[in-house]
Every structure is written in structure tokens, then in C-alpha cells.
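For the sequence shown, counting from 1, position 207 maps to 207 in this note's numbering; every step adds exactly one.
Any given hint could be a false lead.
The following label-pair restraints were derived from C-beta to C-beta distances [what the hints assert, rightly or not]:
1) Ala-265 <-> Gly-330: 21 to 27 Å
2) Gly-47 <-> Asp-215: 42 to 48 Å
3) Ala-265 <-> Gln-72: 38 to 44 Å
4) Arg-45 <-> Leu-274: 42 to 48 Å
5) Gly-112 <-> Arg-331: 26 to 32 Å
The set of hints was computed from the structure by calculation and includes no laboratory data.
We put the beta carbon where it would ideally sit given N, CA and C, even for glycine.
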Amino acid sequence: MWCFQQSLVASLFALYSLAPEVAAQAVSPALAPVSPIQQLVNAARPGATLSLPPGTYAGGLVVRRALQLNMQGVRLQGVALGKAVLVIEGASGPVIVNDFHADGAAAGAQDGNLAGIRIAGRNFDVTLNRVHIRNTAMGIMTDNRGGVLRLRNSNIGDIGRGGGAQSLSHVVYAGAIDRLEIIGSLLGESHHLGHLLKSRAMSTTIEDSELRGGDSRHSRVIDLPCGGVLSLDNVALQRSVRADNRDLIGIGLESAAGCGARDGAASVSIENSLLELGESPEDFAGLQTLYLFNWPAGPAELRLRDNVLRSSGFVLRGQMAANGPAIRLGRNGIRTAAGDTGGRRSVRDNPGGAGVDPLGQDP
Numbered sequence: 001m002w003c004f005q006q007s008l009v010a011s012l013f014a015l016y017s018l019a020p021e022v023a024a025q026a027v028s029p030a031l032a033p034v035s036p037i038q039q040l041v042n043a044a045r046p047g048a049t050l051s052l053p054p055g056t057y058a059g060g061l062v063v064r065r066a067l068q069l070n071m072q073g074v075r076l077q078g079v080a081l082g083k084a085v086l087v088i089e090g091a092s093g094p095v096i097v098n099d100f101h102a103d104g105a106a107a108g109a110q111d112g113n114l115a116g117i118r119i120a121g122r123n124f125d126v127t128l129n130r131v132h133i134r135n136t137a138m139g140i141m142t143d144n145r146g147g148v149l150r151l152r153n154s155n156i157g158d159i160g161r162g163g164g165a166q167s168l169s170h171v172v173y174a175g176a177i178d179r180l181e182i183i184g185s186l187l188g189e190s191h192h193l194g195h196l197l198k199s200r201a202m203s204t205t206i207e208d209s210e211l212r213g214g215d216s217r218h219s220r221v222i223d224l225p226c227g228g229v230l231s232l233d234n235v236a237l238q239r240s241v242r243a244d245n246r247d248l249i250g251i252g253l254e255s256a257a258g259c260g261a262r263d264g265a266a267s268v269s270i271e272n273s274l275l276e277l278g279e280s281p282e283d284f285a286g287l288q289t290l291y292l293f294n295w296p297a298g299p300a301e302l303r304l305r306d307n308v309l310r311s312s313g314f315v316l317r318g319q320m321a322a323n324g325p326a327i328r329l330g331r332n333g334i335r336t337a338a339g340d341t342g343g344r345r346s347v348r349d350n351p352g353g354a355g356v357d358p359l360g361q362d363p
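Sequences and hints are given; from them, build the entire structure.
Here it is in C-alpha cells:
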């Protein structure tokens, strides 16, 4: 058996030396050896495009070089370095991962801080396309040394369901990096009091995406503990009625000790989006007031335009200081349990019913 495995690994290397795409087509998934794909990744030239042979493999995977990695049909049943199913660390150039799939139950990644993908390194440049992650303790995590993470056309959800998570089960957690971009993606349920998105990035952009708590026991939908720039365009945010926080978006809520030189200042733009703060009058935590923002310092800039804010008759307030002139509101529709109070006008102008005022003023 040992000789057979050595021979098969050697064959894979020979195929790869000709063309990674040939290797992907020539190796039958039924014959996939224990873990040759780590050797293929380690042997790849920096900057190369590598298509891994489809199959189910024991163990996780580590990427430490610039690479475009195609993983269609690859399933990993293990964890790398005690951190995640896929670990990307220390790469000196761009890393692009396509079609990565992780099931935390199959990979044994439902305990502690184990993630579907963990990214580390100084000023990394990582793009994740068509990533699917389910049932891990954490979804995607980065470290705190700068860099850019792009998540595109991906589906991350059912995070923390396994019950073994020892910390908050964030669906996506971006550390202190330069930029986070989420495009055309779905971030789903967190079952262990995590945020759907927690971002310490200087700039967070979300477009054409959905962040939905479903009926999970999550915390906030979006949390920017250190402030920064937040831009949402054509995004649906949905807070579960079982959420343990009454606000949809939290900004600047962490102490200075956790944010370094940053003071929590933030600029926020939300356009063409649906903001749902709960669909049931019997909130799980007994919270009778819901907030669009929890933003103690108030905005450096706030823009809300062409959005629909939906609640079930709760009072919506901003729970934030309205201490700056750079606040622009317009043409936001408001829907409550009593129906649509009208659109195409400022949220300040809601006449009675469930009061809606993101600036924290009484309706």
C-alpha cells in the first residue's frame, strides 16, 4: 500500500508538471489518495494557477504563497494547523481561491475557534470566489496586520451550530485590516451569539448581498467595534427575533484598548437596501425597543437613501449622538405591522405609528 501511494503521488506530480488542469481531469475522485494536494500546493510556483484534483481528502490545507487555487470538487475532511479547514498565511502576493467548500461536521471544525477559512499575514491580498462554508465554529477569520479581503459570490452560514464553539461564532470576522469587500454573497445564521459580520477593517464595503440572521441566536447583524467606513448598496440586513442585541448595526462600541489609535469615528452610507429589525412582537430577549444603530460617538458622516426599514411595531431609534452636520437622509420607506407608512421621504418624517428616527430623537 505504501508503494502504491508513493507511486500515485509521483504520478500526480508528473501530471502537475505538465499542466495543473490535466491533473484535475486525469485523476479519478474514487482514487484520491490521503493528502497529495498539500504537496501540490507546496510545489506550485508563486503566482501559478493550480487546479486541484477533485476528491475527498483527509486533513486541511495550508497556502503560503501567491497562487490562484481552483478547488471545484475538492472536499477536505480535517483541520490544518489546529486553526481552520483552509489556512492562508504569510503569502507574499495575491491569493485567489475559487470554489472552496467546507462542512464543519465532516472536517471536525465545530469546536473552539476552528474556522472554515483563516487568513493571516502582513498586508495580505486574498480573494475568495464561490466559497461555501457550513457548520464550522467560525466562518472566515483574519488577523490584524493589514491587508485586503474580497469575498465574492459566496455562501457562509449555519455557523456555531455544532455547540462546541468556545467563543462567539462570527460568520465573517475581519481583524484590523485595510479593506473588506463583500460582493454578491449571503452571510447566514450564527447560532452561538456571534455577529453575522464583525469588521475591524478601515473600510468595509458590501454590495448586492444578504446578511440574514434567520431564526438563529446571533448578536448584531453588523458590528464595527472600532468604527471605520461602512458602505452598503443593494443589501438586505435581517435581524433574528432571537437575537440578543436590540440594534441592527453597532459602531465604535469597543474600548480604546482594543482599537489601538482608532477612536471609533465612522462614516456610513446605506443605499437601496432592506433593513429588517424583527418580524415578531414577542422578542426572544424581551427587548421592547429596537435600534437601527448603536453608535455612541455619533457619525462623522451618515447617508441613508432609498432604503426600506421594516419592523413589527417596535419603536426604532438610533441610540447615537446626532452631533454632526454631515447627516443626509432621503426617500426611505418605512414599514411596520400596521402597514407601509409611505416611501420616498425622509425617515424623520414618519407621522405617528411606530416611531422611526435613526438619529435617536423621540418620534
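Taking the numbered hints from earlier one at a time, note which ones the structure violates and give those numbers from smallest to largest. Number 5 only.
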